[in-house]
Amino acid sequence: MFTPIYQGLMKIFKIDHLLENDKDRILKEFEELMIDITINFILSSLSDDDARKFLSLMETSSEDLVAPINFAKEKIPDLEKKLALEIKKEIERIKKKTLKYGRNW
Amino acid sequence: MVETGEIPKISSPLQKKPLGVPREIRVVKENIVAETGEALREKLLKDFISDERFFKKDKLGRTILSAAGRRALGERLYIDRWGPKKRYQEARFGLKGRCGNDNETVEDVLESLREQIAKDRNIPPEERKRLKRVLVFLERVNREDQERIGQIRAEVRSELSLILGPDFPEHLVSKSQAEEVLSLRKAWGEKSIKVAEARREGDLQKVRAAQRERALLKAQLVKKYTRLISEGKRKRILEGEIPAIELTFKAKEVERLRQAISERRGSLKEKIFRRISELFPWNRKKVEQEEKKTYDSGRRRFLRNLALLATAAAIAVTIPKEVTGVGPLTTEETETPSGARKSEEISIEEPRLTLEERQKKPEIPPGPTPVETEQPEEEKKKIIEILKQRIRPEELALIEKVTEEALRISDKFFLDVGGQKVTPAFGEWKPTYGIRTREGKQILEKNRGEEGRYDLHNKEVQEQLKQTIFQFAKAYPEEMQKEINRRLKAQGVTEFKTREEAKKWLEEEGFMIDCAGAVSYVMDRLFKQYTGKSFYEATETRWGYVGPGTFTELARKGLASEVPDKIFNLRPGDVIALGNVHSMVVLGFQINEKTNKAVLLIGQSTNVAAEKNGYHVVAIKITNPDGGLSDQDWSSIGINVRALFEDDLAQGRMTEEQIRALELQGLNYSWRFTNGNYKVYRFLSLFKP
Numbered sequence: 069m070f071t072p073i074y075q076g077l078m079k080i081f082k083i084d085h086l087l088e089n090d091k092d093r094i095l096k097e098f099e100e101l102m103i104d105i106t107i108n109f110i111l112s113s114l115s116d117d118d119a120r121k122f123l124s125l126m127e128t129s130s131e132d133l134v135a136p137i138n139f140a141k142e143k144i145p146d147l148e149k150k151l152a153l154e155i156k157k158e159i160e161r162i163k164k165k166t167l168k169y170g171r172n173w
Numbered sequence: 010m011v012e013t014g015e016i017p018k019i020s021s022p023l024q025k026k027p028l029g030v031p032r033e034i035r036v037v038k039e040n041i042v043a044e045t046g047e048a049l050r051e052k053l054l055k056d057f058i059s060d061e062r063f064f065k066k067d068k069l070g071r072t073i074l075s076a077a078g079r080r081a082l083g084e085r086l087y088i089d090r091w092g093p094k095k096r097y098q099e100a101r102f103g104l105k106g107r108c109g110n111d112n113e114t115v116e117d118v119l120e121s122l123r124e125q126i127a128k129d130r131n132i133p134p135e136e137r138k139r140l141k142r143v144l145v146f147l148e149r150v151n152r153e154d155q156e157r158i159g160q161i162r163a164e165v166r167s168e169l170s171l172i173l174g175p176d177f178p179e180h181l182v183s184k185s186q187a188e189e190v191l192s193l194r195k196a197w198g199e200k201s202i203k204v205a206e207a208r209r210e211g212d213l214q215k216v217r218a219a220q221r222e223r224a225l226l227k228a229q230l231v232k233k234y235t236r237l238i239s240e241g242k243r244k245r246i247l248e249g250e251i252p253a254i255e256l257t258f259k260a261k262e263v264e265r266l267r268q269a270i271s272e273r274r275g276s277l278k279e280k281i282f283r284r285i286s287e288l289f290p291w292n293r294k295k296v297e298q299e300e301k302k303t304y305d306s307g308r309r310r311f312l313r314n315l316a317l318l319a320t321a322a323a324i325a326v327t328i329p330k331e332v333t334g335v336g337p338l339t340t341e342e343t344e345t346p347s348g349a350r351k352s353e354e355i356s357i358e359e360p361r362l363t364l365e366e367r368q369k370k371p372e373i374p375p376g377p378t379p380v381e382t383e384q385p386e387e388e389k390k391k392i393i394e395i396l397k398q399r400i401r402p403e404e405l406a407l408i409e410k411v412t413e414e415a416l417r418i419s420d421k422f423f424l425d426v427g428g429q430k431v432t433p434a435f436g437e438w439k440p441t442y443g444i445r446t447r448e449g450k451q452i453l454e455k456n457r458g459e460e461g462r463y464d465l466h467n468k469e470v471q472e473q474l475k476q477t478i479f480q481f482a483k484a485y486p487e488e489m490q491k492e493i494n495r496r497l498k499a500q501g502v503t504e505f506k507t508r509e510e511a512k513k514w515l516e517e518e519g520f521m522i523d524c525a526g527a528v529s530y531v532m533d534r535l536f537k538q539y540t541g542k543s544f545y546e547a548t549e550t551r552w553g554y555v556g557p558g559t560f561t562e563l564a565r566k567g568l569a570s571e572v573p574d575k576i577f578n579l580r581p582g583d584v585i586a587l588g589n590v591h592s593m594v595v596l597g598f599q600i601n602e603k604t605n606k607a608v609l610l611i612g613q614s615t616n617v618a619a620e621k622n623g624y625h626v627v628a629i630k631i632t633n634p635d636g637g638l639s640d641q642d643w644s645s646i647g648i649n650v651r652a653l654f655e656d657d658l659a660q661g662r663m664t665e666e667q668i669r670a671l672e673l674q675g676l677n678y679s680w681r682f683t684n685g686n687y688k689v690y691r692f693l694s695l696f697k698p
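Taken in sequence, the protein lines are chains A and B. Here the numbering used here is used: position 100 in the first sequence is 168, and no number is missing along the way. Here the numbering used here is used: position 67 in the second sequence is 76, and no number is missing along the way.
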């Protein structure tokens with residue numbers, strides 16, 4: 069079952085014609101990339117002390133959803149919005165790179 | 010006999026007898042030349058095992074492989090490894106550079122190879138070995154194989170002549186790819202008509218025309234071939250590879266995408282590691298630990314939701330609808346626009362008030378106020394009508410009654426903490442939740458390790474931390490209230506000024522509730538009310554041992570019936586189980602004909618929505634009376650997307666529709682937690698399934 073997010077990604081990357089397995093694999097990798105972007109963005113936006121605290125919060129609350137994210141949200145105003153812009157850039161970058169020659173031969 | 014690894018010297022090119030090969034192996038070899046394939050191998054193995062020459066007895070009388078046997082086996086293994094599948098490749102390998110010469114047969118090649126090996130004494134041993142191997146395989150190639158190779162060669166030639174011939178369109182270097190494809194299609198379309206007409210002529214011509222037509226229909230593939238050839242990636246094109254090439258090209262695109270993603274991930278990984286090493290400049294061990302943990306699935310899991318929400322926003326806001334098709338609203342969604350996320354009947358944070366109280370106190374919802382976009386009244390009326398048709402009239406009164414009862418029970422979770430009404434925060438019986446409590450912090454301080462780090466891996470510390478959670482996050486509100494009063498009195502606290510303070514105190518004292526704890530409390534009270542038995546007696550479970558997966562397990566045992574996923578099938582007291590991850594309880598319906606509002610009330614304890622951490626009641630607006638649970642308007646459950654993009658809405662950068670789409674996606678991402686894999690179970694047999 070793909071949610072609108074995944075459907076959107078599939079349409080952007082034009083991979084909706086693929087087999088389910090391939091789709092899954094690519095979306096999973098993309099999801100991992102998104103997480104990497106999130107970690108990178110948060111770590112690079114926070115000051116050194118805050119970044120250390122963020123990492124320690126991540127450690128102490130490995131099953132907790134709230135603490136580190138709330139901390140990051142507190143320190144970086146409009147975190148989601150900035151992240152969204154970051155991810156948008158990323159999507160466009162990948163698209164540019166992969167669909168360079170066009171899909172029709 | 011020849012030592013293994015040494016190359017025999019060949020004295021004459023026409024020498025019939027392979028040099029230095031033991032007789033046994035020669036026999037084997039002859040067999041190979043005579044036969045091929047799996048059958049031969051089986052036969053060989055059988056022969057080998059039954060051959061007494063290859064075995065001997067050792068001192069203890071055990072049968073072991075003799076030296077001759079080992080050699081023969083070595084030869085056989087060699088055959089196994091380079092079986093018939095590899096033979097073509099080897100044959101081609103041997104034919105490399107000779108493909109153009111049609112008259113050259115495999116025998117010719119074989120002969121020349123033999124000569125080469127024999128004449129040239131300066132061939133280095135490795136090269137000689139390779140040539141020898143080629144020779145051996147070419148010896149095994151039978152007549153059929155030779156024919157096949159010749160056929161392939163002919164096919165390659167015909168394909169090449171088609172591509173390089175004058176008939177091949179000259180559009181290949183045109184500007185636009187799209188134009189090019191169109192024009193190619195057109196040109197070939199016309200030609201194929203002509204070919205079809207030509208087919209009416211004599212038999213010979215008919216065959217030729219059919220061939221031509223087929224070639225023309227493969228237009229795009231042929232074009233692909235030229236591209237391949239020009240890139241030098243593939244020297245030969247075989248007839249049988251056409252579908253394979255099609256697939257290869259699809260796979261290639263995917264591969265490029267995957268490569269781009271993994272390259273990007275690699276560079277991000279470097280960045281992250283660089284940043285981490287900046288953070289802990291003198292502690293190499295710490296840096297290594299942190300680097301390792303960044304890619305630890307447990308840690309990444311909770312950043313995933315944030316990343317997905319941002320992705321949803323990126324798709325919906327920044328990429329036009331024409332590209333994604335899902336960014337802004339689809340037509341279906343526009344038909345039922347309903348941005349309003351709160352109903353009048355229920356407050357999320359406060360206990361329900363009577364009508365009189367409500368009139369006195371205007372309700373202030375927590376967090377930023379959402380922009381209300383009302384559903385048309387007529388539509389609401391229609392929904393209520395449909396719902397009333399679907400639900401049996403005799404059940405309506407009972408539903409109302411049980412809903413009242415369930416809400417009364419649910420209100421018990423609003424604890425009186427120093428004059429403030431608050432619900433306990435979400436927590437589980439896990440050491441990580443013990444860290445939040447005051448006692449837990451003290452325990453951690455006491456057990457600091459030598460490097461000054463918290464010793465979380467110590468099992469004793471973990472046990473102590475668990476104990477700081479009051480009744481392991483499964484306590485009944487009545488018990489909690491009793492304990493709260495006692496502790497407040499002992500600490501000399503009389504009142505809290507704000508609700509936040511009270512909530513913070515509650516969490517620090519370890520009063521938490523987990524999802525199954527909340528559900529089982531509501532269920533227990535309903536069971537006592539309507540059956541006289543407790544929930545635990547009725548289901549033969551024990552207090553404190555009910556988790557989200559328990560409900561599924563009980564249903565499997567036949568203690569609950571599964572309710573078909575239609576909104577009008579749900580009744581108060583039904584349990585919604587999201588796999589082993591989460592559970593919620595249906596508190597009931599509120600269908601108000603005066604205000605034209607239909608909502609489904611659900612009680613749950615979760616920390617997914619940061620603003621509503623802990624137990625809360627969710628009012629799900631019924632927008633699709635014939636749909637299932639996930640088809641309804643769940644926007645009140647997720648993260649407040651509307652507040653996030655308030656500025657953009659005000660300044661016209663985003664439309665109401667886009668925000669609505671985001672809200673729906675936010676909902677979907679939380680449901681995706683279990684891939685939408687939810688089940689509804691009915692334990693209370695008040696209502697017929």
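Since the hints were made in silico from the structure, they are not lab data. We treat Cβ as the ideally placed atom computed from N, Cα and C, and that holds for glycine. Hints are supplied without guarantee of correctness; some may be wrong.
As the list claims (entries may be wrong) - Cross-link-like lysine-lysine pairs, in silico, PhoX-like; alpha carbons within 25 angstroms at most:
1) A:Lys141 x B:Lys302
2) B:Lys294 x B:Lys280
3) A:Lys121 x B:Lys542
4) A:Lys121 x B:Lys397
Claimed, not checked - Here are some, though not all, of the chain A residues that point toward chain B, as calculated from beta-carbon distances under 8 angstroms:
5) Gly76
6) Phe81
7) Ile103
8) Ser112
9) Ser115
10) Leu125
11) Ile137
12) Lys156
13) Ile162
Quick rundown of the hints versus the structure:
Only pairs whose Cα atoms come within 25 angstroms are accepted, and Lys141 (chain A) paired with Lys302 (chain B) is accepted, the gap being roughly 21 angstroms. Note on Lys294 (chain B) and Lys280 (chain B): the hinted pairing holds, with a Cα-Cα distance of about 18 angstroms set against a maximum of 25 angstroms. This hinted pair does not check out: Lys121 (chain A) and Lys542 (chain B) have alpha carbons roughly 50 angstroms apart, beyond 25 angstroms. Pair hint Lys121 (chain A) plus Lys397 (chain B) does not hold up; C-alpha atoms about 54 angstroms apart against a cutoff of 25 angstroms.
A distance limit of 8 angstroms between C-beta atoms decides the matter here; for Gly76 (chain A) the minimum to chain B is near 4 angstroms, and the interface restraint holds. The criterion of a C-beta within 8 angstroms of any C-beta in chain B is met by Phe81 (chain A), whose closest approach is roughly 6 angstroms, and the hint holds. With 8 angstroms as the threshold, the beta carbon of Ile103 (chain A) comes within range of chain B, its nearest partner Cβ sitting at about 5 angstroms, so the hint holds. Against a cut-off of 8 angstroms between C-beta atoms, the interface hint on Ser112 (chain A) holds, since the closest Cβ of chain B lies about 6 angstroms away.
The interface hint given for Ser115 (chain A) is violated, since its Cβ lies 10 angstroms from the closest Cβ of chain B, which is over the 8 angstroms cut-off. Checking Leu125 (chain A) against chain B by beta carbon gives a least distance of about 10 angstroms; that is not within 8 angstroms, so the hint is violated. Checking Ile137 (chain A) against chain B: minimum C-beta separation of about 6 angstroms stays under 8 angstroms; hint holds. With 8 angstroms as the threshold, the beta carbon of Lys156 (chain A) comes within range of chain B, its nearest partner Cβ sitting at about 4 angstroms, so the hint holds.
Of the supplied interface hints, the one on Ile162 (chain A) holds, with its beta-carbon coming within about 5 angstroms of a beta-carbon of chain B, less than 8 angstroms.
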